[in-house]
Each structure stands twice: as C-alpha cells, then as structure tokens.
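Asker: Chain residues, written in single-letter form:
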Amino acid sequence: MKESLLNILRCPECKGELELAVEKKNKEIEEGTLHCSKCAIDYPIKDGIPNMITPKHR
Amino acid sequence: MLKKGQKWYKIEDVAEKYEDSRFTGGGKILDKKERETLLSLVDPKDKKILDIATGTGRFAELLSENGAEVIGLDASREMLLQSEIGSVQGDALSLPFKDESFDVSISMRFLHLLDPSDIDDFISEVGRVTKEKFVFESLHPLSLRMLYQWALPQGSRLYSNSFLKEIFHEVSVVKKVKSHERFIIPYGIYQSLPLDLTEEIMELDEKTAEDQEWLASTIYWEVFFE
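Each protein sequence line maps, in turn, to chains A and B.
Sequential numbering of the first sequence, starting at 36, is according to the numbering used here.
Sequential numbering of the second sequence, starting at 102, is according to the numbering used here.
The following block holds chain A by itself, in its conformation from the complex:
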C-alpha cells in the first residue's frame, strides 16, 4: 500500500486513526501493521494489502 493511504484509512470498528509500523518497504509498504489503540486491534499488512477486517470476522 501507498503510505498516503494512511490519510484516509481508519479502524473499521471505531473509525479512529491508526498507527503504522513498517516492517518491509520498497516503493510502497509491503509488510507491516496498522494499530488501533482505542480498540486494541492490529490490522496486518501483507503483500502490500492491509487486512482491515476485524479479528472476529476474519
């Protein structure tokens, strides 16, 4: 995913902002985590695709 996507990405539960932790980056972010501190949920980024489905629905 492009880093600029973070401007519009929100936690699907509370619609709050997310904290990004990058593990692997080429031009775009390949691997990492988006964290919602309010809901205490981690949304993983894998192969450049953020998985924004809440754990209970995965």
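One should not assume that every hint holds.
[Claimed, not checked] Just the calculated beta-carbon pair ranges, DEER-fashion:
hint : chain 1 : residue 1 : chain 2 : residue 2 : range
1    : A       : Ser39     : B       : Ser225    : 24 to 34 Å
2    : B       : Lys232    : A       : His70     : 26 to 36 Å
3    : A       : Thr68     : B       : Glu137    : 36 to 46 Å
4    : A       : Lys91     : B       : Pro217    : 32 to 42 Å
5    : A       : Asp77     : B       : Ser261    : 36 to 46 Å
Treat the hints as calculated values from the structure; they're not laboratory data.
From a predicted model like this one, the values you see are computed outputs, not experimental measurements.
Ideal Cβ positions, reconstructed from N, Cα and C, are used throughout, including at glycine.
Since the structure of chain A is already known, use the hints to place chain B on it.
Answerer: Below, chain B alone, put in the same frame as chain A:
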C-alpha cells in the same frame, strides 16, 4: 456478511481463472457494454473513487485508466492479489475509511450477495465515506434471470425496484435516486453465446430494455448523497 459468496470467491483457483472463464466469447461483448454503461454513469476524471467488492479489479482499472484515483475494497484477499489497483481487504458493511474520503463509490455485481436486512446499513456506510454519489447494480427478479440463477455457484438474491427504492429513501443521507434498466437477457446466458450472435441479440436487447423496464434483468442505480 458475504456469507453465500465468500467461500466460493476465496478459492484460489476460482480467483485465478475468474477473468478467463467470464470474459470469453459472448462475455467479451457483454464486458464492453458493462464498461460503457459504467462510464456513462461515472465521469472518472480527477475523481477519488472507491470500488466496493472490486474483485480482480476489472472496473477499478477502467476508472483508473480514465483518470480516477481508485481504491479497490474486497473481502477476498485471493481476488485482490489479482488486481493491479491499490487494494484494501475489508468488510463492505464497516468500511475502514474516514468520512467523505471519496467523491464517488461504485459496486458492480455485489448487491445480490447482501442480506436484505443489511442493505440500509450498507447504503448508510457508503454514504458516510462518499461525497457525491454511489453507482451500483441490482438483479431484477421479474426477468429471465429467474430461469437460470439456480445454477450460480455463489448464489444470488434478487431485489425488486420498488423494494430497493423504499429502502434507499429511508436512509437519511440519501438525497435522490435514479434507476437505469438494462439487459433483458441475463449475463450468464450472454457469456455462453458465440461472439457474432451476441452482438445482434444485444442490440435488440438494449432497445427493448429501455421501453420494457419490467423485463430488464439488471438495474443500474445512482444514489446521490446529501
């Protein structure tokens, strides 16, 4: 959500062969017509567009090629891996975006996979992230589609125009609704026809669908938001 279709679309083999199986022979002309229809309803230039249930990104790519900045959302990671467009795996009923992130949202071949009780929440949620309008299609029950839909592996739900209009008008963010009737002959039948035959039948089909809306198998909707 996506209970009926979810498993089927997640099979990797289905995702990889999806385009090939659907867009050969008569399916090619249908694909062209669908693209034309979408571009007649959405002016993509310089727009931020969300494609909900983007699948392998067929319509997302079309809009991107025509000047839009597109994000594709789908519940199936296997489908998204086939797409060339910026992708987000997510649930259509709780969109992971901030309010008014997009000018326009689209969703093709998706509404028939939703439960009737989820449609109002879905429209509200799309309205939350979308400034201008939502373009999508529904499959009409009083049509030839009824004759063959039992064969679809992913299952589908058919909603009448009046049923949907009633729901849309109850959603507070909806300002105006427009419907456009298309395709008397359902997609699946076109996909199995030889190429030359399809062109002739489709020409006849287009003329008739405009005059006889109750015969149309597919309805394209424009829902405008406050």
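Asker: Next step is simple, just say for each hint if it's right about the structure.
Answerer: Evaluated hints:
In this structure, Ser39 of chain A and Ser225 of chain B meet the distance hint of 24 to 34 Å, their C-beta atoms being roughly 27 Å apart. Taking 26 to 36 Å as the suggested C-beta distance range, the pair Lys232 of chain B and His70 of chain A conforms, at roughly 28 Å. The hint said 36 to 46 Å for the Cβ distance between Thr68 of chain A and Glu137 of chain B, and at roughly 42 Å that hint holds. For Lys91 of chain A paired with Pro217 of chain B, a C-beta distance near 23 Å fails the hint of 32 to 42 Å.
Between Asp77 of chain A and Ser261 of chain B the Cβ separation comes to about 43 Å, which falls inside the hinted range of 36 to 46 Å.
In summary, the one numbered hint that this structure violates is 4.
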